[in-house]
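Engineer: Following the hints, put chain B in place on chain A, whose structure we already have.
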Amino acid sequence: MNRFSLPNLGIGLGLRTVHYAHILEHAPAVDWFEILSENYMQTKGRPLHFLDRVAERYPIAMHGVSLSIGGTDPLDRAYLAELKALRDRTKALWVSDHLCWTGVAGKNTHDLLPLPYTEESLRNIVSRVKQVQDILGAPLALENPSTYIEYAGNTMKEWDFLAALASEADCALLLDVNNVYVSAYNHGWDAKDYFAAIPFDRVVQLHVSGHTNHGTHIIDTHIGPVIDPVWELLGEAYRATGASILLEWDAEIPSFEETHADALRAKEFITPKEPT
Amino acid sequence: MKPPLLRDVQVWTVGAITGAEADADEEAVARFVTPGPRLTAAERFDIYRSGYHARLVECLLDDYPVLAAMLDRQHEGQFSALCRAYVDRHPSASPNLNGFGRHMASFCREAKLEGFPGFLALGHFASDLAALEWALVEVLHAETAPPLDIAALQALPPEAWAGARFIRSDALRLFRFEYPVNAVFIANRIEEIVPDFPAPSRNAVAVYRKDMQLWRMDLTPAMVGVLEPLVAGKSLGEALETVEAECADPDVLAQTGANLMVWFREWVDAGFFTRIVLS
Chain A
1 MNRFSLPNLG IGLGLRTVHY AHILEHAPAV DWFEILSENY MQTKGRPLHF
51 LDRVAERYPI AMHGVSLSIG GTDPLDRAYL AELKALRDRT KALWVSDHLC
101 WTGVAGKNTH DLLPLPYTEE SLRNIVSRVK QVQDILGAPL ALENPSTYIE
151 YAGNTMKEWD FLAALASEAD CALLLDVNNV YVSAYNHGWD AKDYFAAIPF
201 DRVVQLHVSG HTNHGTHIID THIGPVIDPV WELLGEAYRA TGASILLEWD
251 AEIPSFEETH ADALRAKEFI TPKEPT
Chain B
1 MKPPLLRDVQ VWTVGAITGA EADADEEAVA RFVTPGPRLT AAERFDIYRS
51 GYHARLVECL LDDYPVLAAM LDRQHEGQFS ALCRAYVDRH PSASPNLNGF
101 GRHMASFCRE AKLEGFPGFL ALGHFASDLA ALEWALVEVL HAETAPPLDI
151 AALQALPPEA WAGARFIRSD ALRLFRFEYP VNAVFIANRI EEIVPDFPAP
201 SRNAVAVYRK DMQLWRMDLT PAMVGVLEPL VAGKSLGEAL ETVEAECADP
251 DVLAQTGANL MVWFREWVDA GFFTRIVLS
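Residue numbers (the working numbering), protein chains in the order written: chain A, 1 to 276; chain B, 1 to 279.
No wet-lab data here; the hints were simulated from the structure.
Think of the CB as a built atom: it goes at the ideal place given N, C-alpha and C, for glycine as much as any other residue.
Just to be clear, a hint being listed does not mean it is correct.
Unchecked claim - So the derived list for chain A, only partly shown, Cβ under 8 Å to chain B, looks like this:
no.	residue
1	T17
2	Y20
3	P28
4	E38
5	Q42
6	S66
7	G103
8	N108
9	H110
10	N124
11	V126
12	S127
13	G153
14	T216
15	H222
Said to hold, decoys possible - One-sided excerpt, in silico: chain A residues whose CB lies under 7 Å from chain B:
no.	residue
16	T72
17	D76
18	H217
Chain A on its own, in the form it takes in the complex:
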């Protein structure tokens, strides 16, 4: 159990529009759904109608991409107010976003840009996380990102930065094991070093997904079935945290049944290994 007493919801799926009809018609036995927060913000229409139907039946967690928690523009108060209203509407058990920033000086790239891992950057993000948690009235869970560059001015490793942030801001973590795999490949890290630094008692959720390997680098596309080395990382992370598991599949999305079947493969990897 994590230090925030947030429950293990089981094995969930990212809620995607192509699956709305199947979910509402068949009410499949899925443990929980994660919604992309921004898909249900800046709207008063059909997306909320479907979300309300899903939230009546399933536990929900919210996952955002636009908080820009590591940014240097002022926090967007209107965005935060809408985020809180959505949490109240869905009764989401927690709210997560990414260890990243998305733009500066009013220009939004809509990408999860890596942070410089420096003391100044740490002070900035700790202060902002505290403000956000104050506004939301709940712990914010931050996810380790997939990254493709590292800044020359970095003075600490990503895992040390993340651990220091979690401790100083007293926030939760969403550990994406695919992102660990992707970034380790792209930067020549060892996933063991990453896991060794993570304060597992702060991890409230685990993400797992497919990716696209270009040989020279891996892009976190959330396409395709999860590969076994990533499942192995998930198993290790689960045994250390007992946290809720979620499969993300965001492009070339197959049928609901196929997507759910891939998510349920997690069971093969999270059970304790029998001694041989």
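Structural biologist: Relative to chain A, chain B alone:
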């Protein structure tokens, strides 16, 4: 050595991702970014540069699938060129992409696309089609309010009709187009063909949502003549006076008189109105 200030790193990064290629040359990138095990610093950084435009073009493709099919029918890559120009002209300042494509109809009338000189002749057609497709996006996200009950219409005493104001649904948009873009939309999305570019032909269309489904309704000149002033907030009596004052076609006036009740039933059934206010 002291690391550069966070703000300076972020300003450089966004400028190099969204700006001209020269802003992200190898020397500049190498000052801020380290090389990786298999890629140079510039190659690594280019993942973010190419992703920026690709992501926003994909967002516009979601909003404008028929416009994309029509423009690429004329010249492969024309829609992407339009979108890249759009992204440069209207970069996103919002945390949410739902409204990102809102300027496309006006942008089509002004855009000059490098490498696609033929686009200029298509600008007005593209603008009409973009307006229709954007209306579908707006209507999808419009507030859901209970529609006017047909019983309320039937209960309206004859003497109250002239002063009645029919409050429009947020999920209704009316258009007068130069080009028959609804027919193009139907051909593409329903019949799954990419038709020829049509000749100009004035027409009117309502875009609306009913039972969470998105719909389009072709409107005759007589219909749109009544609907436009109604949705602008005029009473039915005022709307009919506007039609009489502005319409020189006796056939349109005759149609209006003969069909008004039938139209109202159709419009109420489609959820165009949410309530009646009597003055």
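Engineer: Take the hints in turn and mark each one as holding or not.
Structural biologist: Hint check results:
Taken as an interface hint, T17 of chain A does not check out: its beta carbon lies about 10 Å from the nearest beta carbon of chain B, beyond 8 Å. For Y20 of chain A, the interface hint is violated, since its Cβ never comes within 8 Å of a Cβ in chain B; the closest pair sits about 10 Å apart. A cut of 8 Å between beta carbons decides the hint on P28 of chain A: the least distance to chain B is about 21 Å, and the hint is violated. This hint holds: E38 of chain A has a C-beta 5 Å from the nearest C-beta of chain B, less than the 8 Å allowed.
The beta carbon of Q42 of chain A comes within 4 Å of a beta carbon in chain B, closer than 8 Å, and the hint placing it at the interface holds. Taking 8 Å as the C-beta contact cut-off toward chain B, the hint placing S66 of chain A at the interface holds, the least distance being around 4 Å. Evaluation of the G103 of chain A hint against chain B yields a held restraint, the C-beta minimum of about 6 Å falling below 8 Å. This hint holds: N108 of chain A has a C-beta 5 Å from the nearest C-beta of chain B, less than the 8 Å allowed.
A distance limit of 8 Å between C-beta atoms decides the matter here; for H110 of chain A the minimum to chain B is near 6 Å, and the interface restraint holds. Hint status for N124 of chain A: holds, given a least beta-carbon distance of 6 Å to chain B, under 8 Å. Because the closest C-beta pair between V126 of chain A and chain B is about 13 Å apart, greater than 8 Å, the hint is violated. Here the hint on S127 of chain A is broken, as its CB sits about 12 Å from the closest CB of chain B, past 8 Å.
At its closest, the beta carbon of G153 of chain A sits 3 Å from a beta carbon of chain B; the interface hint therefore holds under the 8 Å criterion. The beta carbon of T216 of chain A is positioned within 8 Å of a beta carbon in chain B (closest approach about 4 Å), and the interface hint is therefore held. For H222 of chain A, the interface hint is violated, since its Cβ never comes within 8 Å of a Cβ in chain B; the closest pair sits about 13 Å apart. Restraint check, T72 of chain A versus chain B: the minimum CB separation of about 5 Å is within 7 Å; hint holds.
Interface hint at D76 of chain A: satisfied, since its Cβ lies 6 Å from the closest Cβ of chain B, which is below the 7 Å cut-off. Taken as an interface hint, H217 of chain A checks out: its beta carbon lies about 6 Å from the nearest beta carbon of chain B, inside 7 Å.
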